Amino acid sequence: MPGPLLAVRNLTKLYPARRSLFGRPQGSVRAVDGVTFDIAAGETLALVGESGCGKTTTGRAILRLVEPTAGDVWFDGMDVRALERESLRQLRRHLQIVFQDPHASLDPRMRAGRIVREGMEVHGIAEGAAADARVARLLEEVGLRAADASRYPHEFSGGQRQRIAIARALAVEPRFIVLDEAVSALDVTVQAQVLALLLELQRSRGLTYLFIAHNLAVVERVATRVAVMYLGRIVEIADAARLYASPKHPYTQALLSAVPVPDPAARRQRIVLSGEVPSPSAPPPGCVFHPRCPHPAKDAECTRTVPPLREVAPGQLAACIKTNVES
Amino acid sequence: MTAPALLEVRDLRTTYDRDGDRVRAVDGVSFDLAAGETLALVGESGCGKSAIALSVMRLLPRNGRIEAGSRITFDGRDLLTLGEPAMRDLRGRRLAMIFQEPASALNPMMTIGAQVAEVALVHGERSRRAARERAVAMLDRTGIADAPARFGLYPHELSGGMRQRVLIAIALLLRPALVIADEPTSALDVTVQAQILDLLADLRRDVGMAVLFITHDFGVVAESCTRALVMREGRIVEDAPVDRLFREPAHPYTAELLRAVPRLTAHR
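Read top to bottom, the protein sequences are chains X and G.
Position 23 of the first sequence, counted from 1, bears residue number 23 in the numbering used here, the numbering being contiguous throughout.
Just add 327 to wherever you are in the second sequence, counting from 1, and you've got the numbering used here.
It is worth saying that the hints were derived from the structure and are not from the lab.
One thing to keep in mind: the hints can contain errors.
Partner residues aside, some chain X positions facing chain G, computed with beta carbon under 10 Å [unchecked claim]:
hint	residue
1	Glu220
2	Pro260
3	Val272
4	Ser274
Here are the computed distance ranges between Cβ atoms for each label pair [claimed, not checked]:
hint	chain 1	residue 1	chain 2	residue 2	range
5	X	Ser51	G	Arg456	35 to 43 Å
6	X	Ala245	G	Pro568	25 to 33 Å
7	X	Arg114	G	Tyr481	14 to 22 Å
8	G	Ala472	X	Asp299	17 to 25 Å
9	G	Gly396	X	Glu127	39 to 47 Å
10	X	Pro108	G	Gly373	44 to 52 Å
11	G	Ser431	X	Pro108	20 to 28 Å
12	X	Ala245	G	Ala472	31 to 39 Å
13	G	Asn434	X	Arg9	28 to 36 Å
14	X	Ser281	G	Asn434	40 to 48 Å
15	G	Asp338	X	Tyr15	53 to 61 Å
16	X	Ser51	G	Pro579	19 to 27 Å
17	X	Asp299	G	Gly451	50 to 58 Å
Bear in mind that the values here come from a model prediction, so they are computed numbers and not experimental data.
C-beta atoms are modelled at their ideal positions from N, C-alpha and C, and glycine is treated no differently.
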């Protein structure tokens, strides 16, 4: 069996917290705290969680858009953290990212064609008439028209702008794309179309995705596997079907139960968590979820023991010492 | 015989000036809202749902205009001929609004307690002490733990969910008859959204108010409302009780929206 395309081991990102009067940092914020996972070629791992859980920082640390503090990232056997500037630049050809807000990520003064073409030229993939032809093909591949190359970002709708951002990412023929809330800002009908496009591109080009999102219903449509993050850590990771059908970690259970169901006939038990996510600069001791945890077996041990991610069912890992292990 | 509606909107046309052109945001909308009812106004961005809210509140931006022939009646009073002082009196006391972005709806320079107490003071409460006490009680009621101690905090010292609770306290302090909630949970995380939706439902039962819920989220419609108006391009395309809307949408656009809504399938 081939190894994973992307392997992430104990990835950690600390930010210096508030500084004292004389500029000495007072402790640190653990934005990402020992995150470990693999992504196999052609699959989609979804990273879900609420704001501040570290999912976006994880995506950026993998691409070294922010420098990790510790841990390892391996892409196709290459040690990403050890790469020098020039090799990192070359690697970026294979690793691309699409952000949430195409309004902010597309240069308003550049025509769509120029935006898509830039990466091709930087990486010496094509230039001149050959590049023009590739831009035209890419725009059509993402559902725009070749003639759209001469238009500016503001002339497009939100969904169309996101298609341009996708074309830009595809222009360098990457193998792996981080989709950071890439459909979150779109209306539902447009969102469904862009999701369909992403799935089609994955199939036709054999792409691998890290799909970062907060909407669990959207994630269910695209994910092969799902990792749930809370306060910088992965609390549960499993095959998507398994995680949705039978979530094991109390946080995953609460998160799924809180999703409003578009069906007035559905009467179900919502687990409403009390309080809010604690500050990552002062995470609770033991299990970071314990102050809000509704698990009936919660006890003093939870406030002392940092729960390791362990297999609780085949292909399903949860970081909770109170979760029963299925045999 | 049915009781007269709390809010009656007839043939509402609202336009915005965009570079000299008048763009129709609301294009002939009519509906009634009964006392105590929870009505959803649902649609995608740009469909005109927020323009309806701002028209009813008479809080349209300067380039917005309600066209002649439109009628909005609230509590039996014609809102479109009401002078600004009378309108100001109505806002907060009988008619209130909760915005999507609590960060921009709150005054960053004023403590949260002062902002809640101000509503009472503006609407005739003479005693500062009494206003403060009412504000503390309301903050407590909206789930802000240790409200007396947090009274003196500034908005930036609170999380998004807490700020939304403060906005709700401001809106509900005087027990209005109608609250317009414009995407009140769209900027919040899903577990916090669940808390706020529960809180709004509780308070609605307490106060007996009607709620006009403006949202793009059919999950929120299903869980929080009894009737829904589906909007598209400034018009209402469907007006139906929520259970019928989901079971047998009458308009093809409603059906298309419902098909596109991402929903959990495997769970439970």
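Comparing the hints with the structure gives:
1. Given hint, Glu220 of chain X at the interface with chain G, holds; its Cβ is 6 Å from that chain's nearest Cβ, closer than 10 Å.
2. Because the smallest distance between the Cβ of Pro260 of chain X and any Cβ of chain G comes to about 3 Å, under 10 Å, the interface hint for this residue holds.
3. The interface hint given for Val272 of chain X is met, as the beta carbon of that residue sits about 5 Å from the closest beta carbon of chain G, less than 10 Å.
4. Among the interface hints, the one on Ser274 of chain X holds; its C-beta lies about 8 Å from the nearest C-beta in chain G, closer than the 10 Å criterion.
5. The given range of 35 to 43 Å is respected by Ser51 of chain X and Arg456 of chain G, whose C-beta atoms sit roughly 38 Å from each other.
6. Between Ala245 of chain X and Pro568 of chain G the beta carbons are some 32 Å apart, a value that agrees with the proposed interval 25 to 33 Å.
7. Taken as a hint, the range 14 to 22 Å is violated for the pair Arg114 of chain X and Tyr481 of chain G, whose Cβ atoms sit roughly 44 Å apart.
8. For Ala472 of chain G and Asp299 of chain X, the Cβ-Cβ distance of about 24 Å falls inside the hinted range of 17 to 25 Å, so the restraint holds.
9. At about 60 Å, the CB distance of Gly396 of chain G to Glu127 of chain X disagrees with the hint of 39 to 47 Å.
10. Separation of Pro108 of chain X from Gly373 of chain G is about 20 Å and departs from the stated range, judged on CB atoms against 44 to 52 Å.
11. Judged by the Cβ atoms, the range 20 to 28 Å given for Ser431 of chain G and Pro108 of chain X holds: they are separated by roughly 23 Å.
12. Separation of Ala245 of chain X from Ala472 of chain G is about 36 Å and conforms to the stated range, judged on CB atoms against 31 to 39 Å.
13. Checked against the given bound of 28 to 36 Å, the beta carbons of Asn434 of chain G and Arg9 of chain X, roughly 47 Å apart, lie outside it.
14. Distance hint check: the CB atoms of Ser281 of chain X and Asn434 of chain G are about 27 Å apart, inconsistent with the given range 40 to 48 Å.
15. Take Asp338 of chain G and Tyr15 of chain X: their Cβ atoms lie about 55 Å apart, and the range 53 to 61 Å holds.
16. Range check, Ser51 of chain X to Pro579 of chain G: about 36 Å between beta-carbon atoms, so the 19 to 27 Å window is missed.
17. Judged by the Cβ atoms, the range 50 to 58 Å given for Asp299 of chain X and Gly451 of chain G holds: they are separated by roughly 53 Å.
Violated hints, in rising order: 7, 9, 10, 13, 14, 16; the structure is consistent with all others.
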